[in-house]
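The listed protein sequences derive, respectively, from chains A and B. Heads up: the first sequence at position 66 corresponds to 66 in the working numbering, and the numbers run straight through without jumps. Heads up: the second sequence at position 11 corresponds to 11 in the working numbering, and the numbers run straight through without jumps.
No incorrect hints appear here.
Covered stretches of chain B (in silico footprint by chain A; criterion: 3 or more residues with CB under 8 Å from a CB of chain A, positions within the stretch not fixed):
#: 1; stretch: 12 to 26
#: 2; stretch: 64 to 74
#: 3; stretch: 77 to 86
The set of hints was computed from the structure by calculation and includes no laboratory data. The beta carbon of each residue, even a glycine, is placed where N, CA and C say it ideally should be.
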Amino acid sequence: MSFLSLSPIEPATLVARVESPAYGGVASFLGLVRNHHGGRAVRRLEYSAYGAMAEAECARIVAEAESRWPVRVALAHRIGALEIGDIAVAVATAGAHRDEAFAACRFVIEEVKRRVPIWKKEFYQDGAVAWVDPTRASASHEVLGT
Amino acid sequence: MPAPTTQIINVRVLLFASYADRLGLESVRVALPASATVADALDHVRSLPGGDQVPPRPLCAVNLAHAGLDTGLAEGDEVALLPPLAGG
Chain A
1 MSFLSLSPIE
11 PATLVARVES
21 PAYGGVASFL
31 GLVRNHHGGR
41 AVRRLEYSAY
51 GAMAEAECAR
61 IVAEAESRWP
71 VRVALAHRIG
81 ALEIGDIAVA
91 VATAGAHRDE
101 AFAACRFVIE
111 EVKRRVPIWK
121 KEFYQDGAVA
131 WVDPTRASAS
141 HEVLGT
Chain B
1 MPAPTTQIIN
11 VRVLLFASYA
21 DRLGLESVRV
31 ALPASATVAD
41 ALDHVRSLPG
51 GDQVPPRPLC
61 AVNLAHAGLD
71 TGLAEGDEVA
81 LLPPLAGG
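Make a model of the complete structure from these sequences and hints.
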């Protein structure tokens, strides 16, 4: 199973992977590339990863979700150069009912953001480039230069 | 009594994103005492040119799993220093 994708993510493919006649509830989350961050206009971005660990951590998160709730989980994260509006991350969960599908979906995206070693470099409209640092509240990026 | 022999282990430390940029390195081989922890590998990296830009308590991983600074290391381990994560 590969969770990192260099090519565009197809949400329908993820949903198809979790669907089952026994499952009446499917929840999904899509994270898209925004055109702004910290008040600056973003032109495009690049995601890079510690690939082997990112794959292992994604597998652990999916296994944790599937052991905590009676659900099936599909997860994909895009790597490489992305444009505004591209799907950066997608989660699909299916369970017998909506409660477990929603709960597992929320768990997976929160754990991905917290644990998976992926980094984001933003390219701004003004020509500046910065690594995004979500741990900084106000100055949320380290500017590399213009 | 024979003199105590100091066992040495070799580990690889991986750097990513802003840390790799700051040191101009993506990986470095480090020889450490057999009793070494992640903190010792970090100390070595922070002593390199540009290494002072790596914070004293970064996120770390050993062999593809998150690990604390007090995690013990063994021969051949792959240590990673992880800048603030920004996936999702």
